[in-house]
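S.K.: Take a look at the letters that make up each chain.
There are 2 protein chains.
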Amino acid sequence: MKIAIAQQNYTVGALKNNKFKIIESIYRAREAGAELVVFPEHAVSGANCYYLMNKSQFLEACEVAMVEIASHCEGIAVLLGLPVYDRNKRVSSAVLIKDRRIVKFFGKKNISCADEKIYYDSSTGCGFVNIGDNRLAVVVGEDIQTEEWFGDNTDVVVNLHADRYFRRRIETRYDHIKTASFIHKKTFVFVNHLGGQSETVYDGSSCVFRRGEGIAFLKSFEEDFVVVDTVAASPVPIPPQNHTVNVYKAMKLGLHDYFEKNGFKKACLGLSGGVDSAVVLAVAVDVLGAENVRVLMLPSQFSSEHSVTDAVEMAENLGVEYDVIPITEAYNAVHESMKPVIGGTSFDKTEENIQARIRCAMLMALANKFGYILLNTSNKSEIAMGYTTLYGDMAGALSIIGDLYKTEVFSVARYINRRIEIIPENIIKKAPSAELKEGQKDSDVLPPYDLLDAILLRFVEENHGVEEIVNAGYEYNMVSHIAECIKENEFKRRQLCPVLQLSSRPFGTVYKLPLINKYILYPYEVVSDKE
Amino acid sequence: MKIAIAQQNYTVGALKNNKFKIIESIYRAREAGAELVVFPEHAVSGANCYYLMNKSQFLEACEVAMVEIASHCEGIAVLLGLPVYDRNKRVSSAVLIKDRRIVKFFGKKNISCADEKIYYDSSTGCGFVNIGDNRLAVVVGEDIQTEEWFGDNTDVVVNLHADRYFRRRIETRYDHIKTASFIHKKTFVFVNHLGGQSETVYDGSSCVFRRGEGIAFLKSFEEDFVVVDTVAASPVPIPPQNHTVNVYKAMKLGLHDYFEKNGFKKACLGLSGGVDSAVVLAVAVDVLGAENVRVLMLPSQFSSEHSVTDAVEMAENLGVEYDVIPITEAYNAVHESMKPVIGGTSFDKTEENIQARIRCAMLMALANKFGYILLNTSNKSEIAMGYTTLYGDMAGALSIIGDLYKTEVFSVARYINRRIEIIPENIIKKAPSAELKEGQKDSDVLPPYDLLDAILLRFVEENHGVEEIVNAGYEYNMVSHIAECIKENEFKRRQLCPVLQLSSRPFGTVYKLPLINKYILYPYEVVSDKE
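Chains as they are written, first to last, in the numbering used here: chain G, 1 to 531; chain Z, 1 to 531.
Rather than coming from a laboratory, the hints here were simulated on the basis of the structure.
Please read these numbers as outputs of a predicted model, since none were measured by experiment.
We put the CB at the ideal spot given by N, CA and C, even for glycine.
Wrong hints could be hidden among the right ones.
[Claimed, not checked] Listed below are the simulated DSS-like cross-link pairs for lysine-lysine, each with C-alpha atoms no more than 27 Å apart in a straight line:
1) Z:K339 <-> G:K369
2) Z:K252 <-> G:K512
3) Z:K117 <-> G:K487
4) Z:K369 <-> G:K441
5) Z:K2 <-> G:K492
6) G:K512 <-> Z:K492
7) Z:K266 <-> G:K492
8) Z:K512 <-> G:K265
9) G:K265 <-> Z:K339
10) G:K55 <-> Z:K117
11) Z:K252 <-> G:K21
12) G:K492 <-> Z:K265
13) G:K117 <-> Z:K512
14) G:K109 <-> Z:K265
15) Z:K98 <-> G:K487
16) G:K487 <-> Z:K266
17) Z:K265 <-> G:K55
18) G:K339 <-> Z:K369
[To be verified] Covered, in the sense of this in silico footprint (three residues per stretch, anywhere, with C-beta under 8 Å from a C-beta of chain Z), are these stretches of chain G:
19) 19-27
20) 188-199
21) 233-242
22) 323-329
23) 418-427
24) 505-514
Taking the hints into account, I'd like the entire structure generated from these sequences.
M.R.: Now the structure itself:
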């Protein structure tokens, strides 16, 4: 059977554009002799629609677009994902169109994504259909994980999916599909959504496996169109994956689409001389071009000499416009004005935070004045620990490294420098510091990052308890301190700027703690609470 | 049948304290001769637990607490709400304990609250049980809205609930329960959660209706304990409700519990001379006492004379400590420092926002230095329209008026002044202004608040489309402008401080729009999109 796979980048709510892209691919597939063309879940609407799913006019508009698409499906079968309002339920559906007739809907049953649980209802799940001589099972989204398509005498399982990218997701996904197609002796056609959509990145990587052998692999992080003959096609090797390269591509796609789809052109950020802002700048220049990125260096009296020189070197490496604006006078003016209130006290986090907040005000002034979009430069390790300033360095329109641990940021930095030194080596090598007081180093209050990140990974991503982590060989005091910091800093994370989701468990949507929370995860979580 | 109702204020995760409160009420109920004592949904754990539901140790700890509670249930039956991990599902359950034995679990089937959809699984729903000569249906939460307890020959329907307060919720809830008990000719025992929990307020207002007649009403917004004889009790009138009084009580309880349960004592805020900050200050003083509240007046060159004098008058009315800190010097220093970047441009929103951000930095300096908690002073009308400054007046630990439209804030202000003039009349009477530029008035860019709020109410709370609202008699240009502003300012609301939920549709949890969103709700929502 000749099946075309259209892996296209749609935009949420851009129904007209999405419709045109779909219709174009239908003609292309027919010309290529395909019997069936498959589009991903949410093709008509884009994904994720959030509250738009509650607007009946939006769902009607999606159906209107579908009807128009159907009028173009002469001589070809089409499987297309869209949200549908069906018997009081809001359902993520696949529709089968054949010879311009809307033949059948298949509604998703299992909803595992947190945001979808709010906006979508569970439907009836997998369905079956004959196209030519082939019997197909049609499965939407994560319904593929249940095995309802088992008993039926199907040749091909078609899965329309919107499966977001996260750390090592592509390789595990290939693995699952390969295994399932081998065990069940069927051909699996996996068609994935593509593109940056709000905080989410869909990586595409659509593929076809026949009885455990890959016979088609579409590109990752790019549009692609493939026609595959499920019977005649020869096996091809599974594309090798590199974690850091994929993360880099995901950041690029997420940032690109956030700007492109929103009609934004220009970004700005504060360049501190540290590795976080260096990585954000490098990605921004890669995506938007040096001419569309502008940076400020905002040194205070606590900034070391090398902070500014390293930052300037990097800006000049990349050819971006930069200004060095010392914050000392503004800091002194705020501090002096506040003397009636805070005069006579000694230097503490108050004074540290004033510096971060003045920087935020200055960066936002640049953004407001000339229409730049401020990029945030916080990483997940410091966000977890609360080693950040609210309304200071937590600000921005989008964070592209906020779901990467510090050690991952270093990996990305080294990847950026793989050919030439874009990020000055000194930025990567020096000991991380917030430089908000004299001689400050991150290591004064945080464990070494390799240790911190190893514990955070277990606690956050793998959902291990304190006891479990201690039993794995980590020091009790350190683990419980980290658990406590994560809990105590939830109030900050609630006000963090939107973060591109690159891990299996980003803070925010699912990892959301109560703001009033007396539960103590240690010493041993079952027996104690301190009230 | 003699049933005791324990309406108590629990704290999320404070399992030991919650357990003690529950055990105390069990003894009290037995002494009062009750056959059964009923606690609300989530009594053991507190509600809402968010991500704690994903921690197996937390669910185990809840069960351990339940087992200890059971050991105290000699000679009395107990119905108690707690989360349970049951056959791979996380279930909001009621447990029946009789003579120290754990007899039966009843798991909630219908999950309508957005946050619960993420963290809870659907269980089997309503169950039945005999206690003495009575047959009871036990229903958890919103399962009461389905009618599975119909066919059964029950005398009494017991509903353990955690039903949050929102605008006019108490009166509609009484109405539903009264009607259901009349139609089905049964006695309904409704036991509700109480207290401020993160952004949510549970109002209590537990009640018993027998065949359409109220026979017991517990207090709203307060703990209460009542023993009711479901057969012998005489009818009592339904307590009258006043919308503004209830909103005021909800704000008080939400603010009180946020501080009390978190161990916070002192609050600070910026007092602008406008009605929003005046209302927040009045509530804060009512809850925390004047000695625990401190305000800053932060005038700029654009502040009118009366702004400071009105604010000072109010602070003196209430006896709170205040300082007048002009921001002009700090503003000039920031603006002057940024000259290399923004010099030579004319005054626009950039300069307006700098003022708001300097105020934020100063208020946070006060908060950081002395441990005050910053209260936000934004209202829902301006949050909807984006008439606010990110990292400026959108900052704070908690907003108690962020889910109230401006017209509701005025109602609350008048209620606060019902006996004596706490808020100077001039603050209530003068035309609202952000005072960020010369002669600025809210009405320069916003429709009059009565009109704006009427449209927002239809668009946000009632989910009407633009066409529907225009057909109801509102001007097309105004309605579509408002719809556009709501969409365009989603990025700001994503970084808004936590807001006490007082309406049926607060921004954030459910009302969350995509950050990339090309869907146009007008001119007529079905037919058009502009891309």
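S.K.: Decide, hint by hint, whether the structure agrees.
M.R.: Quick rundown of the hints versus the structure:
| no. | hint | in the structure |
| --- | --- | --- |
| 1 | Z:K339 <-> G:K369 | holds, 12 Å |
| 2 | Z:K252 <-> G:K512 | holds, 25 Å |
| 3 | Z:K117 <-> G:K487 | holds, 22 Å |
| 4 | Z:K369 <-> G:K441 | holds, 22 Å |
| 5 | Z:K2 <-> G:K492 | violated, 48 Å |
| 6 | G:K512 <-> Z:K492 | holds, 19 Å |
| 7 | Z:K266 <-> G:K492 | holds, 19 Å |
| 8 | Z:K512 <-> G:K265 | holds, 25 Å |
| 9 | G:K265 <-> Z:K339 | holds, 23 Å |
| 10 | G:K55 <-> Z:K117 | holds, 19 Å |
| 11 | Z:K252 <-> G:K21 | violated, 54 Å |
| 12 | G:K492 <-> Z:K265 | holds, 19 Å |
| 13 | G:K117 <-> Z:K512 | holds, 13 Å |
| 14 | G:K109 <-> Z:K265 | violated, 48 Å |
| 15 | Z:K98 <-> G:K487 | violated, 37 Å |
| 16 | G:K487 <-> Z:K266 | holds, 21 Å |
| 17 | Z:K265 <-> G:K55 | violated, 43 Å |
| 18 | G:K339 <-> Z:K369 | holds, 12 Å |
| 19 | 19-27 | violated (count 0) |
| 20 | 188-199 | holds (count 4) |
| 21 | 233-242 | violated (count 0) |
| 22 | 323-329 | holds (count 5) |
| 23 | 418-427 | violated (count 0) |
| 24 | 505-514 | holds (count 6) |
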